[in-house]
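Novice: Given next are the chains, with one letter for each unit.
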Amino acid sequence: MSAVVKTVNLVKIYQDGALPVPAVRGVDLQVEPGEFVAVMGPSGSGKSTLIHMLGGLDARTSGEIWLDGQRVDTLSESAWALLRRKKIGFVFQFFNLVANMTVGDNVELPALLAGASPKVARERRESLLAALNLTDRAGAAPAQLSGGEQQRVALARALANEPSLLLADEPTGNLDSRNTRDVLRLLSDVHKQGQTIVMVTHDARVASLADRLVSLFDGEIVDDGRIARRRTRTAGEVIDLR
Amino acid sequence: MSTALAGSRWIKADLRARKGQALLTVLAVAGIVAALITAATLLEDGTNPWRSLSAQTDGAHVWLYTKDSPQVALGGIDGVTQTAGPYRSAPVTVAQDGKKEPAALRAMPATPPAVAHPLVAEGRWLDPSRPDGVVVERSFADSLGIGIGAPFTIIALSGERHTLYVRGIAHTAEQGFYPEWTPGLAYVLPVMLDRIEPMLGRSEWVTGLRLADPEASQVVSQRVVVMLEDRLQRVYTWREVRSAMELDNRLLGTLLGLFGVVGLVAAALALANAAGGRVLGQLRDLATLKSMGFTRGQIALLLLVEHGALGLLGVAIGALAGWGVMAAVLGASSVAPIPVLAIIVGTALVVLAAVGVPALRGGRTPPIPDVPTGPPRGHLSRLARLALLVRLPPALVLGTRDAFTRRVPAFLTAFGLAVPMMMITIGLGVWATLDNFLAHPEQVGQHAALYVKPDKLEPVVAERLAGQDRDVAEVYPGTDVNALAPGEARSVRVRAIGSSTRPYPFPVVEGRMYARQGEAVAGQGLLDLLGVKIGDRVRLTVGGTPLIVRVVGRTVEPEQDGEVLSVGLDSLAAKDSVPPEYYALALKPGADPAEVRGRLLAGSGEGLDVQAAVNPADRLSIIRIVIVALIAVLALIGLANLLTASALGLRDHAFDLAVLKAMGLTPRQVMATLVTGTGLLVVLGVGVGAAAGVSVVTGLIDLQGHTSGVGAGIGRAPSPLTLTVAVLVAVGAALAVALIPARRAARAQVPVATR
Ligand SMILES: Nc1ncnc2c1ncn2[C@@H]1O[C@H](COP(=O)(O)OP(=O)(O)OP(=O)(O)O)[C@@H](O)[C@H]1O
Ligand SMILES: [Mg+2]
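Top line first, the protein sequences correspond to chains G and E. Per the working numbering, residue 1 is the first one in the first sequence, and the count goes up by one each step. Per the working numbering, residue 1 is the first one in the second sequence, and the count goes up by one each step.
In case anyone wonders, no lab produced these hints; they're calculated from the structure. Idealized CB from N, CA, C, for every residue including glycine. Don't take each hint at face value.
[Said to hold, decoys possible] Label pairs and their calculated CB-CB ranges:
id, chain 1, residue 1, chain 2, residue 2, range
1, E, Arg668, G, Arg226, 58 to 68 Å
2, G, Phe217, E, Leu349, 48 to 58 Å
3, E, Lys19, G, Asp136, 43 to 53 Å
4, G, Ala131, E, Lys19, 29 to 39 Å
5, G, Glu64, E, Ile740, 50 to 60 Å
6, E, Val408, G, Glu77, 43 to 53 Å
7, E, Arg668, G, Ala141, 23 to 33 Å
8, E, Arg361, G, Asp223, 24 to 34 Å
9, E, Ile740, G, Phe217, 45 to 55 Å
10, G, Arg205, E, Lys19, 39 to 49 Å
11, E, Arg361, G, Asp224, 51 to 61 Å
12, E, Ile740, G, Glu77, 37 to 47 Å
Chain G on its own, in the form it takes in the complex (with noise of 0.2 Å):
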């Protein structure tokens, strides 16, 4: 079975005014289906930037992705927008919902962008909801949410479309400890049911729930260590205790 996403030299380096500002120096990375990846390193190490490579969100400079065997580092813009639908799920660390719609509706809104007959989406968008014990909320405006509520439908939301890889940018970084457990907690059990993860995370605790441990410095990967299974479950155990 090919990899779910792979890198080949990958290169990013964003031009400011005159100087050039290399952030990912060649990145060969490859994430096999049902990996849960961390992605950890000091602040402006390029962890953001490789992960909106590996979703299109930004245009690399050299180098190659592939996405499920297929190459789209040489797609425009439109086509990455197109594939994203499909195949990828974003969580961000400041929520990023709909200010205008409810979180119904921002859970609903991928799906029904991804083909989802209005009657499919409503299904799934209700079963992540209650997965997400947020049922009696999907009425409320996001703004009406806490924090880690917030992220946990924009969690509900990234996971909509089924996608085959679900990206996550320091997705606890913004809460407290209680909601931090909750959310990784989420993340756990997707990953359990089969969810590609990659996540980028400040925090060793939160790194340590992942299969695998990337490690980024100045752009380049650093350490690459798979994370022993037994660990993990402890960890997870651990995080379950708190």
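Let chain G serve as the given structure and place chain E with the ligands on it in line with the hints.
Specialist: Just chain E with the ligands now, with coordinates in the frame of chain G:
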């Protein structure tokens, strides 16, 4: 399909979140479109009643008045297909409710003629079994306020009274509407006219000529002038009738058109501003949508549909309203479909273009929603530095800084307020001009407030009676005659009043007043008609006698489309000027014309006919209603701009509010900061708009005056007081509107990490 569904969800949600602004947008656009359609319809020929009246009555194209029944074969003139008449016509006075109106009593057969047959609108045509029946022309009947069966008392030249009964009310295309066109017209059977006015010498004969080609009316009337020579009293063509009927429509149409076109620009700006501001406020949401899989084109389309739909809804409502009003007022058939369609398509394109630019920009949003989309910051504008220098409170400094951080929206806001304010100032100027007509009638040629006709009394007695009244300052004898302009083959009005050495004080705005016999002053319409300038010689014939005068000045002339030549009585041949037809009475300041009239009537034992002059402003009072409506629409546009500006200001500040509060600003100061930001733009826009309005308003009104024949020199700017009040109200209302959201924001608990 799936995108359309997802997109429509988003649009619905967004519209729900900004109902007020959306409603304003729709109303503003609707108002403008309605104004444009009304303007086009009024300016379009279709509203001119002449066309359909002429078709319905098989109207004649040339009308001529002779002293006796014409003995030449007028029907034989090249191009003449049929003739109407000659009919005998006698001048009479209609006495109705104490008023006396001049009328021409026309003898017509019981069987209506084939050409120029009056169109009976109510009641029936004349019937030989009821010889005391009279059919009255529609506008004359309306002006008299009489209906079918009403008594119709007429006073013949001999002073004898006759009572007829209104049998029918009819339309005709042979003359303009009363009272713009005098005398009024009424038809009786020939036997009745013989009884009322047995003296053939006191009547005229009227003949209408129907032409194969209406455009040939000029040539034909020239032939008539040559053939009839001095037996011809006057001649006019369908063109004069048509322009007499359109007088008020044109003025209103021009006003509405001007306001509509400029208003459309303002509305387009407001739309672009609203859409742009909204897009700016939603960059994060748009980025999020993109990260979910909306493409750049789809986002642009989404925005175009959302904001465009509001505009198009406005266009639709406005079109319906405009069409509805016109159809109700003028009848459905008078609304020409082509210009209305053109306006709908044109405004729709303007709407789409206005929202297209921000929509495209919205589509280009990068899909990474975490990039901060706050305002460009970090520098204090020069204005803000100035504010700091003069030690303004911190809130004002911050507000001043904010006013200009976003250049384009700041410009759009100020400009978007300036344009409506300019138009409002112009509207107020028109209002002031009308007020000036009323306050200073002498500036529009109405120095005399009353006109006295000797009626039953000897002219000398009438003059003495009028001169003896304590409130009468001056008595000017006068006579109005029709003169033929030979080159033009049509009649113009010559008003002989006062004497050349003691002239009636016409409002001469160019050149000088006449000072001796053989000099004259004229209205703009006459100068244009005859193609003469001040200083030129004009040759006319009055009842066969040549009248040669030099035009030495131009007066403001609100009558007869300005096609009036004014001279001293001594410039006219004695046969035309003695005795004078009327006496114009200039009253002493503060005298009440109605009171003087009552006294004169009583003093003469009802022997005098005393009429009050009709101020042109009274006829134009509908303009005031139009101005009020237009100001309302313009205020809506300004309001829409303002909401955008304050929403944008708030959004830019959402991030700063917590910081401002942490810095120690009280809610009140935070509010002041927010309001200063928009308030500065408001003051700038309103000030510039009012200044621009004041600088163009007199010129614009004079231009309209020039084209309508009245002539330049009537325009007035709104008074400083009115203008100050208008500016204060605009700024005050704007600040009040900006205050509400600012207050809410300042009060709200702002979490430190809003993003
Ligand atoms: N749009 C941009 N233009 C110019 N430089 C950029 C841009 N975005 C990121 N950079 C630079 O690229 C480098 C990597 O940024 P990136 O946001 O990927 O870091 P990060 O690892 O996500 O950091 P953090 O942990 O703070 O989120 C930084 O030096 C940053 O300044
Ligand atoms: Mg980052």
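Novice: Next, verify each hint and record whether it holds.
Specialist: Hint by hint, here is what the structure shows:
1. Taking the beta carbon of each, arginine 668(E) and arginine 226(G) are about 60 Å apart, inside 58 to 68 Å as hinted.
2. Evaluation of the 48 to 58 Å hint for phenylalanine 217(G) and leucine 349(E) yields a pass: the beta carbon distance comes to about 56 Å.
3. At about 26 Å, the CB distance of lysine 19(E) to aspartate 136(G) disagrees with the hint of 43 to 53 Å.
4. Taking the beta carbon of each, alanine 131(G) and lysine 19(E) are about 34 Å apart, inside 29 to 39 Å as hinted.
5. Look at glutamate 64(G) against isoleucine 740(E): about 55 Å separates their beta carbons, and that is inside 50 to 60 Å.
6. Take valine 408(E) and glutamate 77(G): their Cβ atoms lie about 25 Å apart, and the range 43 to 53 Å is violated.
7. Taken as a hint, the range 23 to 33 Å holds for the pair arginine 668(E) and alanine 141(G), whose Cβ atoms sit roughly 28 Å apart.
8. Distance hint check: the CB atoms of arginine 361(E) and aspartate 223(G) are about 43 Å apart, inconsistent with the given range 24 to 34 Å.
9. At roughly 52 Å, the beta carbons of isoleucine 740(E) and phenylalanine 217(G) sit within the given window of 45 to 55 Å.
10. Against the hinted window of 39 to 49 Å, the Cβ-Cβ separation of arginine 205(G) and lysine 19(E) comes to about 46 Å, which satisfies the hint.
11. At roughly 41 Å, the beta-carbon separation of arginine 361(E) and aspartate 224(G) lies outside the given 51 to 61 Å, and the hint is violated.
12. For the hinted restraint 37 to 47 Å between isoleucine 740(E) and glutamate 77(G), the CB-CB distance of approximately 40 Å keeps it satisfied.
Comparing the model with each numbered hint stated earlier shows that hints 3, 6, 8 and 11 do not hold.
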